[in-house]
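Keeping their order, the protein sequence lines are chains A and B.
Under the working numbering, the first residue of the first sequence is numbered 1, with each subsequent residue one higher.
Under the working numbering, the first residue of the second sequence is numbered 1, with each subsequent residue one higher.
One should not assume that every hint holds.
[Stated by the list, open to error] Subject to a maximum C-alpha distance of 25 angstroms in a straight line, what follows is the list of computed SDA-like cross-link-like pairs (lysine to any residue):
1. A:Lys418 with B:Val328
2. A:Lys57 with B:Pro118
3. B:Lys56 with A:Asp346
4. B:Lys53 with A:Glu431
5. A:Lys414 with B:Val328
6. A:Lys61 with B:Val332
7. B:Lys379 with B:Lys53
8. A:Lys61 with B:Glu343
9. B:Lys335 with A:Asn400
10. A:Lys320 with B:Ala506
11. A:Lys414 with B:Gln133
12. A:Lys53 with A:Ser66
13. B:Lys148 with A:Leu36
14. A:Lys57 with B:Ser336
15. A:Lys392 with B:Asp334
16. A:Lys53 with B:Asp376
17. B:Lys148 with B:Gly287
18. A:Lys283 with B:Glu502
19. A:Lys389 with A:Cys438
20. B:Lys53 with A:Pro82
21. A:Lys320 with B:Gln133
22. B:Lys217 with A:Arg21
23. A:Lys386 with A:Asp346
[Stated by the list, open to error] Per label pair, the in silico range of CB-to-CB distance:
24. A:Lys53 with B:Thr417: 35 to 41 angstroms
25. B:Glu51 with A:Thr364: 46 to 52 angstroms
26. A:Thr364 with B:Asp347: 43 to 49 angstroms
Just so you know, the hints here were simulated from the structure itself, not pulled from any lab data.
We put the beta carbon where it would ideally sit given N, CA and C, even for glycine.
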Amino acid sequence: MRYLPLDNEDRAEMLEVIGVRNVEDLFGCVPKEARLSELIDLPYHQPESEVEKHMTKLSNKSISASSVPFFCGAGAYKHHVPSSVDHLIQRSEFLTAYTPYQPEISQGTLQVLFEFQSQVAILTGMEVANASMYDGSTACAEAVVMAKRVTRKHKAIIAPGLHPHYSLATDTLASSVGVDVCILEQKISSDYKVLDLIDDETACVVVQSPNVFGEIVDLTPIAEKAHLHKALLIAVFTEPVALGLIKSPGEQGADIVVGEGQGIGVGLNFGGPHVGLFACNKKHVRQMPGRICGETIDAAGNRAFVLTLSTREQHIRRDKATSNICTNSGLCCLAFSIHMSLLGGDGLRKLAILNHESASLLATRIDKIKGAKVLNNTFFNEFTVKLDKNAKDVVHSLANKNILGGVPFSRLSKAGPKDILLICATEIVDEHDIESLCKALEEELR
Amino acid sequence: MSMNNQGRVTAPKAITSVASESFSGNKALDQATKLIFETGSFNKTGIDFPEPKGIKYRLGGLEQTKNIELPGLSEPETLRHYVRLSQKNYAIDLGVYPLGSCTMKHNPRLNEKVARLPGFSDVHPLQPIGTVQGALELMYELSNWLTKLCNMPAVALTPKAGAHGELCGMMTIRARLDADGNSHKRRVFVPESAHGTNPATAVQCGFFVDELPANDKGCIDMDVLRLKISDLGSDNDIAGIMLTNPNTCGLFESDIIEISELIHTAGGYFYCDGANFNALVGRVRPGDLGVDAMHINLHKTFSTPHGGGGPGSGPTVLSDALKDYAPVPYVVKDKSGRFDLIEDINDISMGRLCAFHGQMGMYTRALSYMMSHGSDGLKQATEDAVLNANYILASLSDLMTLAYPGHCMHEVLFDDTFLENTGVDTLDFAKAMIDEGYHPMTMYFPLVVHGAMLIEPTESESKYELDRFIATMRGLANRAKSGDIKSFKAAPQHSPTKRVDETLAARKPVLRYGS
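Start from the sequences and build out the full structure, keeping to the hints where you can.
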C-alpha cells in the first residue's frame, strides 16, 4: 500500500518492543462482540491510475461552468481566478499545516491570517474581522447569535431578500439558542416595511445587499432605526466583488458584516468549500465567534503574530464559549487573500465595473425579449427576471441546449413564485454568451 | 584544510559564532517578510483587465466613490511574498507532526488532482440536477463508504467541520426528542476529558451539560454514571451523552456497550465524537457499539488536508432512530439510476445547516483516499496507527510518565510527573522540540491530566522517523532531568521567530494593519 511506510519486518520488530504477540493484542480493550474479524464489504485497494480513471469518469458526467455559456449566481459566483492562486495554496507548507497552535513555527499561516483580517476589515468598512468562518450562511447564523449576546435581547428580524438558504441556516442555529427569528416574506422591492418592525425587543435586523434578487439596498435608514432601539444591523453579502463598486456596509452604519468570500480566489466547488467573512467593530470583538489572529512580539523583540482572544473559545470556555467553532476555512482564506493581493483596490474596482457592465448589457438585452421582464431598479452583477413560463422548465430546456441559464427562484424556496429566474453575468460572460442565452430564451418564450 | 585542485576551499574552517544582525533583515533562506500593506499600494495590480466600456451604472446612488485602500502587488511580488511566508511554516510534508487528537497524516496528491477535475470543482451548486449527475454520484458513493465503515443506515454529508457535525448530530437528537414530546429532556452527559467543542455544542443546541468524571484508568467512572441515571426516577431529563471513543486519553472506553444501554434505557441518545475514528476504521464499527450519531472528520481520518486550519468536513452518520430527522439536502438514487437532491425541508427534519450541499472539495479527496486504500488498506492503516502509538509508548514510558498504565489506541498520553522538580514544564519541553525540528505534540489537553502531552504519530510515519523522534524525546527528557534547564527556557532558539508574547497580544489586541 503506497501510503503506508511500515513493512512486515518493521511491524514485527515494533511488536517485540511493545511486548505483544500481534496487533490483535493492542485491540484487547475493545469488547469482544464489537471486534470485526472480517474485512468490511468494500472494494480492495487500487492503484492511483484506477482511482483517477474512476474520478474522471464521474467528473465527465457533469457539465462544468467553463464549458458553456454560464449565468448562475444566487450565492456562488464564477470568476476567473489567476493561476498563481492555485499554485500557491498547494505549497506543502500551507496545505499540510494544522491550525497555527505553535506560533514560532507557524508565522506563515499567521501572517496570512493577519493580512486576511485586515483586507476583510477594509473591504467591509469595519474595524476588525476574524480569521474566517465555514461560509457566508454559517457566518450569518453566528452573527445573529452574537447579536443576542451583545444586546441581551432575543428578537431577530430577517429582512426580505436574504438568501433563503441563509435564512434557514440562521433559523436552525439561532432558534436553538432561544432567538426568536422572524423571517419576512420574500419580495424584490425594498419598501422598508422592515423599519416598522424594529422595536425595543429587537436584537438585530439582518439585511442582504445586493440581496438575493440582485437589488441594492440602502442600509443607512435601517441602521439609524435599529440604533434608535439599541438593536444591531447585520449586513450580509454573497458576492464580495460587489464591494468593489458599492459603498461598504460599514460606511452605511452596519454593526456586524458577514458574507461569502468565495467570489474572490475560490472556485464554485459545487457549493463548498467556500469562505465566510465576518467583521464587526472593536467594541464587540470579545463577543465575536471564530479564530482571531493578533500582532505581538517575540522574545527577541521582533514583530510576530499569534492566535488571540481565545478566552472566547470552546477549548478554554467549554460550555460558556461564544460558539463551538474551532475550524476556519484556512486554505480558502489564503486563496482569497492572494487573489485580493493580486487585485489591489483599483483592480477590485475594475473587476467590479466589468461585472456590472456584463450584467447591464444582459439586462438591457433581456428586457427586449417578449415574455421576459427585468424586475430590478438596481443591481450589481445579478438580477431578477419574470418569465411568461415556469422558470424551472425554461432552465431545463436551456440546459439541454448547453446553456446554464440561471437559477429558478423556486429552487431556493419551494413556496416562492414559479416564474422568477435569477440571472447573473460576471466578467467571464462575453457578448457571444449573451447572444446565445437571449436567442435561446426567445425560442423558449415564443 | 581540504582544497580542490583549483585551490578553492571546499570544507569550511571551524569558526566561532560571529552572528550579527544582517543589513537586510534576512537570515539566509529565512527572508524577512513585510506585510502586503507595507509593500503594496492600492493602485498597483497583478491582473490585466480589458478597459470598461463606460456604461451608465444602475447602482441606485450607492456607488463607492472613495479609493479602496487594499494593497495590490504585481504577480512576481505576490509569488515571493507567499513563498517566503510559506517557508515560516512547519508542515506534515516537512516532518513528524504528532499533534494528538488532530490526526496529521499524509495528504496524497492524487486527491488534490481529482478534487480539481472540472466536474467537481467547476460546477455550480444550483445547476439543474441533470447537469450535475457525476457530482451527485460521487456524494452517493461517499455515503456508501461511510455508512458501511460505520455500520450505520444514513449519513448527513453537509456539516462543514467536526464541530458543525456535532451540531448536526445534537440538533437531530433534539428534533427527535421534540417530535416524541420529550422537550423536557435536555440533560447531556459530557465526560470531563471531552474536547471543548462537545460542551459548547450541547449548549448551542439548547441542552445543559452534566459533567462525568474519569476513573483512575482514564475512562468514564461507571459508578457515577449509574448513580446519576438511577437517581433520576420520574424526573428523567436525560437527552443523551456525548462521548469520544477512543477518548482523548487515547483509550477505548471499554464499558461503552453498557454506557450505550444505560443511555438508551433512560430514553436518551448516544452521540459519539468521531475525532478519533482513525483508531477504529475497519476494525470497529460505531453502529455495533450502539451509537446514534457520530461525525467523521474527513480532514483527519480520511486525509483531506488541514490547510492551516481548514476547510474541514464533518459528515455525520445517523442511526435508524434519527435518520428521518436529518438535515437537508441529501442525495437519493431512483430505480433508473438517476440521482436527485432532496432540498426541501419536511415536517420532521431538523432543518438546514448551511447554504448548498456541504464540502464537495473534501468529499472528492476523501473518496479518493478511501478507494486508494480499499477495505484492506484502511484496516492496515488503522493497525499501523495504533502500532506506531504503542511503539512510542513502549519506547518512552521508562523515562516519561504515562498518564494511565497499559496499551493505548492511536495516541499516547503522558503527564508532567517526570518533569517534577526539574524546573522544566510541558510548555518548555514542547518549545525545545521545535529546536529539534519537530512540531510539538498536543499540550495541556486533555484537561484531566496535569501538564498533558498527547502524541499521535498516525500510520504515516516510518520506523526510521519514529526511532529518530523517540531518540530526541529521550534526549530531551534526560537533559531536563540532568538539570540543564537553560536551553528549555530559551527555546525555541533555532526557529525564525522566538517565543511569542501571547499575553501582550490578548491584553492590547492589534487585529489588523493600521489599527
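Exercise. Evaluate the given range 43 to 49 angstroms for the C-beta pair formed by Thr364 of chain A and Asp347 of chain B.
Key: Since Thr364 of chain A and Asp347 of chain B have Cβ atoms about 45 angstroms apart, the given range 43 to 49 angstroms holds.
Quiz prompt | 25 angstroms Cα cutoff - pair Lys57 of chain A, Ser336 of chain B | solution = holds (19 angstroms)
Quiz item: Within 25 angstroms, alpha carbon to alpha carbon, are Lys53 of chain B and Glu431 of chain A?
Solution: OK: Lys53 of chain B and Glu431 of chain A at ~13 angstroms, within 25 angstroms.
Quiz item: Does 35 to 41 angstroms hold as the CB distance between Lys53 of chain A and Thr417 of chain B, or does it fail?
Solution: With a Cβ separation near 54 angstroms, Lys53 of chain A and Thr417 of chain B fall outside 35 to 41 angstroms, so the hint is violated.
Practice problem: Compare the distance between the alpha carbons of Lys56 of chain B and Asp346 of chain A with 25 angstroms, and conclude whether the hinted pair is satisfied. | Solution: Holds, at roughly 19 angstroms.
Quiz item: Do the alpha carbons of Lys53 of chain A and Asp376 of chain B lie within 25 angstroms of each other, as the hint requires?
Solution: holds (21 angstroms)
Quiz item: Holds or violated: are the alpha carbons of Lys148 of chain B and Leu36 of chain A at most 25 angstroms from each other?
Solution: holds (13 angstroms)
Self-check item: Restraint status (C-alpha distance of Lys283 of chain A to Glu502 of chain B at most 25 angstroms)
Solution: holds (21 angstroms)
Exercise. Would you mind confirming whether the straight-line C-alpha gap from Lys418 of chain A to Val328 of chain B stays at or under 25 angstroms?
Key: holds (21 angstroms)
Quiz item: Quick one, are Lys320 of chain A and Ala506 of chain B close enough, alpha carbons at most 25 angstroms?
Solution: Roughly 19 angstroms between the alpha carbons, so the hint for Lys320 of chain A and Ala506 of chain B holds.
Exercise. For the pair we were handed, Lys386 of chain A and Asp346 of chain A, check the Cα-Cα distance against 25 angstroms.
Key: violated (35 angstroms)
Self-check item: Restraint check for Lys148 of chain B with Gly287 of chain B, where alpha carbons must lie at most 25 angstroms apart
Solution: holds (10 angstroms)
Checked against the numbered hints given earlier, this structure breaks hints 7, 21, 23, 24 and 25; the rest are met.
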